[in-house]
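Student: Listed below are the residues making up each chain.
4 protein chains.
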Amino acid sequence: MKNIKIAYIGGGSKMWARVFMYDLALTEGLCGEIALYDIDIPAAERNRKIGDKINADSRTVSKWKYTVCTKLETALKGADFVVCSILPATLDEMAADVHLPEKYGIYQAVGDTVGPGGVLRAMRTVPLYEYFASEIARVCPDAWVINFTNPMTICTKTLYDIFPEIKAFGCCHEVFHAQEFLCCVAKEELNIPRPDRHEITIDASGVNHFTWITQAKYKDVDLLALLPSFMEKYYEKGYGEQLGFAPDDFKNNPFLYGNKVKMDLFKRYGVLAAAGDRHLVEFMNADWYLKNPETAEKWLYHLTSVDYRRKTQSDLIAESELMASGKKPVNVKRSDEEATVLIQAILGRGKVVSNVNMPNRGQMPDMPLGTIVETNCVFDSDSVKPVCANPLPKAVTNLVYRNAMNIETCYHGIKTRNLEEIFASFVNQPLCSTLGVDDARKLFNEMIQATKPYLKDFYKKLSI
Amino acid sequence: MKNIKIAYIGGGSKMWARVFMYDLALTEGLCGEIALYDIDIPAAERNRKIGDKINADSRTVSKWKYTVCTKLETALKGADFVVCSILPATLDEMAADVHLPEKYGIYQAVGDTVGPGGVLRAMRTVPLYEYFASEIARVCPDAWVINFTNPMTICTKTLYDIFPEIKAFGCCHEVFHAQEFLCCVAKEELNIPRPDRHEITIDASGVNHFTWITQAKYKDVDLLALLPSFMEKYYEKGYGEQLGFAPDDFKNNPFLYGNKVKMDLFKRYGVLAAAGDRHLVEFMNADWYLKNPETAEKWLYHLTSVDYRRKTQSDLIAESELMASGKKPVNVKRSDEEATVLIQAILGRGKVVSNVNMPNRGQMPDMPLGTIVETNCVFDSDSVKPVCANPLPKAVTNLVYRNAMNIETCYHGIKTRNLEEIFASFVNQPLCSTLGVDDARKLFNEMIQATKPYLKDFYKKLSI
Amino acid sequence: MKNIKIAYIGGGSKMWARVFMYDLALTEGLCGEIALYDIDIPAAERNRKIGDKINADSRTVSKWKYTVCTKLETALKGADFVVCSILPATLDEMAADVHLPEKYGIYQAVGDTVGPGGVLRAMRTVPLYEYFASEIARVCPDAWVINFTNPMTICTKTLYDIFPEIKAFGCCHEVFHAQEFLCCVAKEELNIPRPDRHEITIDASGVNHFTWITQAKYKDVDLLALLPSFMEKYYEKGYGEQLGFAPDDFKNNPFLYGNKVKMDLFKRYGVLAAAGDRHLVEFMNADWYLKNPETAEKWLYHLTSVDYRRKTQSDLIAESELMASGKKPVNVKRSDEEATVLIQAILGRGKVVSNVNMPNRGQMPDMPLGTIVETNCVFDSDSVKPVCANPLPKAVTNLVYRNAMNIETCYHGIKTRNLEEIFASFVNQPLCSTLGVDDARKLFNEMIQATKPYLKDFYKKLSI
Amino acid sequence: MKNIKIAYIGGGSKMWARVFMYDLALTEGLCGEIALYDIDIPAAERNRKIGDKINADSRTVSKWKYTVCTKLETALKGADFVVCSILPATLDEMAADVHLPEKYGIYQAVGDTVGPGGVLRAMRTVPLYEYFASEIARVCPDAWVINFTNPMTICTKTLYDIFPEIKAFGCCHEVFHAQEFLCCVAKEELNIPRPDRHEITIDASGVNHFTWITQAKYKDVDLLALLPSFMEKYYEKGYGEQLGFAPDDFKNNPFLYGNKVKMDLFKRYGVLAAAGDRHLVEFMNADWYLKNPETAEKWLYHLTSVDYRRKTQSDLIAESELMASGKKPVNVKRSDEEATVLIQAILGRGKVVSNVNMPNRGQMPDMPLGTIVETNCVFDSDSVKPVCANPLPKAVTNLVYRNAMNIETCYHGIKTRNLEEIFASFVNQPLCSTLGVDDARKLFNEMIQATKPYLKDFYKKLSI
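Residue numbers (numbering that gives the first Met the number 0), protein chains in the order written: chain A, 0 to 463; chain B, 0 to 463; chain C, 0 to 463; chain D, 0 to 463.
The shape of chain A in the complex, shown without the other chains:
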């Protein structure tokens, strides 16, 4: 039984913390402390209580000591792993990120990664990560740091830029959806029962939420070669990879989509984009797939409004409260997330290959060294090493590079607190491609205004 300490930063208002606790509870051979740190202390307390319920659950294999820390330093002290999963500011600020641009004709499907919303969210998040990184460097420099916060790329960038020796990677499940989609392809084209996602091996590379699969195999079957035939059947009506959902269920649940964008991109570029369609569309010119809600509907996905998120969030908090107080039982079961599997591998319990976000040190030779890229990595005892990815087609490299370099520009602008440089990233966002420079400036200033309380401590100037 290996005894470890995990510092968990944030997670108070997130489903994800609970999923992680379930997975840990079901991980054999591990135990120790989970130190919860959240600026929302009641939320952390709630998680602690849920943790205790999980410990008491009969399905639980590994029991953990849950503690709530009011200081980051206390949580980090002695940590073997640090998990970061925060919501920068509140859904009110996210509402501005996502919906304010609409008056300029700019729509966002998610609004937390790139596009105007991604830039503003980065402006709030990076200064917090500067602090996390310097505290980790000071208090637990040997800990492995797992980031789940969006914007993923720029958070991971901050960690490495502030503390270059950090052992950090960014984890995201979006590529899993593409693997699930490929399971569907295998099922339909090979007339076999749908395989498990882990039976699909892929070579994916790009930036988070905009990765591309250049090679995909189920046993020795080339799955990409099956796509043209699959698309003859499903291109028009779509195909949802999520079990139990129909292709047009996206109309009621904006987290669903019909994969039509993905199929269209495959037609155009011959490689398979690997995140959910709602993410993909934000990395390309607005008029390609996200001109307005009608275009979105045509491409078989919907925009995720922040009102929808508010509803989801309050349901989740309510459920958490019920669970914390014992009025609703916890539901200890294994998820499809990989964090605990990766932790096990890092602890020396079996090699794993999975796609995560790390600084480019050669794994994507067409991206600048030091930019954060997502590729396969080998996880092994105290070691996460990127695997050299296949080159992407030139045209796709161009799309990826534009976003990667926008993020680098944005990061450099935030780091130096230079609004004009941040704006250079803002105006060059593909989702801003139909915006004139003057309008872009106006929008940028309005968006800053809307999230001002969370920026004023970090930036001297708050308009350009």
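Calculated from the structure, these hints are not laboratory results. Predicted, not measured: the structure shown is a model, and the values here were computed from it. Do not rely on the hints blindly, as some may be mistaken.
Which copy? The list can't say, so a pair holds if one copy fits it or any two copies do.
What the hints assert, rightly or not - With a Cα cut of at most 20 Å, we get these calculated PhoX-like pairs of lysine-lysine:
hint	residue 1	residue 2
1	Lys-266	Lys-441
2	Lys-250	Lys-459
3	Lys-218	Lys-1
4	Lys-250	Lys-326
5	Lys-236	Lys-297
6	Lys-441	Lys-297
7	Lys-232	Lys-186
8	Lys-218	Lys-166
9	Lys-460	Lys-266
10	Lys-232	Lys-455
11	Lys-48	Lys-326
12	Lys-441	Lys-64
13	Lys-266	Lys-166
14	Lys-297	Lys-455
Starting from the known structure of chain A, fit chains B, C and D onto it as the hints suggest.
Tutor: Then chains B, C and D, alone, in the frame of chain A:
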């Protein structure tokens, strides 16, 4: 007196050939043969006759033997230099390149470099350059090749890709305009007589027609540092660097402009874009500076219509005929072009530093190796070596890379005769940034149709 | 049951073919044809007969059809895998490679990789591999090619240089010895039963026979951190990693050694060299560890004389004959070699991480792109992808680079049949570090003379 | 008349300071202050007095104010240029550097760049340069810094590593000797009067004292192509490029040599090594050209003993004293050094191309980025930019890389005060190629002991 042979490919219908002949006539210590090869044989003949008149002119210092070759091989045989300056197809095809996109709301200021027009022009030009390059490899592999044809970048790329040992570079005078503009800045801000362009030293880098000056000096004065003060006075009303013209003369002459775009970009990025504004605007999102003719006017430039070019061209041909027949005297005088200066340097007559287009071998570390970039180069005896350029700001690197990689994609698509890959470059052109994918396809097909006779020998498929 | 064809080039006179056949016989779920091609046809016939005996053996799980091909093309036709394992020329030529330099005071422990012997062996082998590569390109371009022949690096280089799209890698078991050695360290320092080699995970990188381990773990124990204490006990007397042997058994068996060189290098550089000591010493200045047989003995290893090899070889052939004729039973058992495991992974039956030789595409950022390097790779369905290795210490990078670039120089010299360039590699071999240039020339010429019959078809000039 | 301040660090006991003062006195259009800083204050005073005599000389064009500063800060304050030219420790320590290794059979021709002497000298010099660099960063960060001190490469490395924004380059006249040699080749082979060095244009690259010329032109004549014929006549007897000296004058003056090593290397590699032979031999295995004094003599050069240097130095000091006191007239004449020409170019008075030492940023794509390399650079107003060099032959790249990486290792060892890492560089010096590891350790320790007083303030440990 050094005796050399220069093969001149094209130039029949161009002012430029005459300028080059004047410059050669005034170059001391050189003589030899100029072998004229043009598919328009009468045009070549006309140039030959003008050459003879130049030889007879009293101002002429060096006399040359002008010959007309009907076969490329004959022209190349024994050549020390090969000059390429062709018009691919006619102004009718160029009219389609430039004006057809207007019905989709896409305007072009020049239409021969990037944007939809640049892509179509490349589709016609690259196959011709494949032929030129293979003939040069076979017939005169040691010759120095000077390219003047647009699209400059992709022509130079073709030469090096087909014959990697070629000694070629692409020459363009657009950066000289930025140097002239800096002369104006020096004059206005230092209260001195306008300096000569050669007194301004710069570090410029980028791709042709989209280079950026990161450092500019007149003696030991930092000229970029003077720009803010200069712009306070001239940003609104503009400032034309061409002698004898007022800022708003662009209304009658589309080759003029008020440099307002250049000044605006300097405000945004802190470095000075180095080509004429009418070129620069084509490398950025349409809505930034080229939404429509009204926007153009607001930014103090006009679009160059092909009708305007037709008029200019027929005037030039008429003038050439008069000169060829002796009815109008030749006007032997030195131009501001540098080709003959560079030829002298290559012949071992003095080092020169000037900006030309060559494959990237490290001079722009942020661009992929092998892409064609424009930077300073040192010209010396049988040697043209790139000078390492200052890095560009990240945001500018991103703009340059997007265009450079579009050209790489376009080249690869043409090389492999793959229309879908060419289209991937087409739809990602910044000037197409407000175009949906379906409309882009339609436009692409229509433009191919309009230039079909010049494509059908090279491409199996002519629509996507 | 997956049906495949394996072409086996060479192997006639090698133990290794037999080991491979045993392993294949014990691999579940595979069957098909093994096409044996060897210029020594009786040897191939012998292997075919042994194959039949293996098929008849009760322990055999998978039966294979063994065929002897007299033409390479026949063997390659339809092959899924090509295995190359040849002896270039005979042991007579190897005797010259190894022993001729002794009269100049140069001793070699192995003489088949680098040093004067390695260069001469490369001169004989590369032209054969040029032929293999061009036949593979023509006949079975999709086959996976596994090389076992030494000099490993230059053979793999030839394959990729002649046919860049080849799917090839070079396999060598030397790193396994370092893993075994680390098992011993774990056993001694942790007081546990000796772990299995596969429980040790490492990050190794370098060139074949000169790789370096920068990280080594047994579960979560850092094995390199245990070395200082281990060396206090065993540095002087040595420690043999081979089961059942004492540290000084190297005196009777030159394939054994006491790992004292490895321990000394760890003291000097802080990282663990990963091949057998007898290989390592050939990559460094002669006077460091291989001044003469007495120095070798001091460092607890012996030189492998070619007489010893002759004896071993004739024993092996005799044994093969007995087995082929059924006078001696075959001994079907699983070996420690990984070839069949890698084949299974490539066929989509489970990911494997193992160290092999491939062109550098970023996995060793300090080595030139395109040089052949040995690092971990991920083996998966139709895919072998290098894993980014830790950087080596600068001083070690320097030692590795020198050898890697010597091999590149040697390869380029052989490719262009330029003896002077081959000699530039020869004279710069670390084992030649005490040789003057004139003596080096003499020795080079004498060695060429000794192996002339195998060179004269390929090189116009046979002395410099 | 441009008024500037030059801080001159060191130079007290050097001929070179006087040469520089003469050149400045003859430079039109410049004046200002020369602030002399030397730990040997009387030496600085002597130079100040000589400066005053120069000011009084009738040939002097530009008068300078010479001041002696006892604090570095005072000298640097307001400096436009900083010139560094120091002797680390005294000739006593240099005697140990050069002669102590002889008892181990290691001879050095110069002993101040690489080899055992170079390493020890670096150990003394780098800590001083750490101080200079941090003071320059603090006091005059915009000044241009010109280094003349050896070991050139590691001094320049220190400046850039401590203060990455520094504007520094290292100047060395050794390449000029190769240009002079090429003038001799032109004279002999073309039967023309010996051209001036500035008429020879070259592409040279490598590390200081070990650069290689890949292209050399006199007007449009390829000089390297003339070498084979030249060498037929002069290979055996040698050819001294220094005016007024016979090939065997090296016997009386160790600064002379017959260029036989240079010619031999050209035979072997096809490119021309560009420093004096006495420097070149130290970068290659001892037994190639520097086994012992007899070998040196055979190759037409002699070793420079430190006794010879002592004599020269005391003559120079005596002469300086005479000049300072007015007993001997100053001899104001222009030298062949380029420092003042480069200063003029940096001040915006004409472009110059010359070879200097700067960090590799792409000018030598085969060397690691950031290593200090010597190539052509363009000097212009406030700008020194490297020119992309031709690639060197692989075998030469290998020789250069080994030395460059030894220096990087040595620098890293000194920076981290890690004797074992410095030793890793020491034992891998080509001049140590016949030394066993144990003997190398002994020698290293003895050499440290001999120079201890100059090391003890910087290194905690003084033996390994």
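Student: One pair to classify: Lys-232 and Lys-455, alpha carbons no more than 20 Å apart. Within, between, both, or neither?
Tutor: Classified as neither: same-chain Cα gap 53 Å, cross-chain 34 Å, threshold 20 Å.
Student: Treating 20 Å as the Cα threshold, decide for Lys-232 and Lys-186: within, between, both or neither.
Tutor: within (13 Å within a copy, 60 Å between copies)
Student: Should Lys-218 paired with Lys-166 be assigned to within, between, both, or neither, using CA atoms and 20 Å as the limit?
Tutor: between (33 Å within a copy, 18 Å between copies)
Student: With identical chains, the pair Lys-250 and Lys-459 could be close in the same copy or across copies; at 20 Å between alpha carbons, which is it: within, between, both, or neither?
Tutor: Neither. Shortest intra-copy (43 Å) and inter-copy (43 Å) distances fail the 20 Å Cα cut-off.
Student: Can you give me the call for Lys-250 and Lys-326, within, between, both or neither, at a CA distance of at most 20 Å?
Tutor: neither (33 Å within a copy, 76 Å between copies)
Student: Under a CA distance limit of 20 Å, which applies to Lys-48 and Lys-326: within one copy, between copies, both, or neither?
Tutor: within (12 Å within a copy, 75 Å between copies)
Student: For the identical chains here, do Lys-297 and Lys-455 meet the 20 Å Cα criterion within one copy, between copies, both, or neither?
Tutor: neither (41 Å within a copy, 36 Å between copies)
Student: Measure nothing new, just compare the shortest in-copy and cross-copy C-alpha distances for Lys-266 and Lys-441 to 20 Å and report within, between, both or neither.
Tutor: between (37 Å within a copy, 16 Å between copies)
Student: Between copies, within a copy, both or neither: which fits Lys-441 and Lys-64 at Cα up to 20 Å?
Tutor: Cα proximity of Lys-441 and Lys-64: none, with 50 Å in one copy and 57 Å across.
Student: Could you figure out if Lys-441 and Lys-297 sit no more than 20 Å apart (CA to CA) within one copy, between two copies, both or neither?
Tutor: between (30 Å within a copy, 19 Å between copies)
Student: From the Cα coordinates, with 20 Å as the cut-off, is the pair Lys-266 and Lys-166 best called within, between, both, or neither?
Tutor: neither (38 Å within a copy, 27 Å between copies)
Student: Please sort Lys-460 with Lys-266 into within, between, both or neither, judging by C-alpha distance up to 20 Å.
Tutor: between (46 Å within a copy, 17 Å between copies)
In this structure, the hints that do not hold are numbers 2, 4, 10, 12, 13, 14, in rising order.
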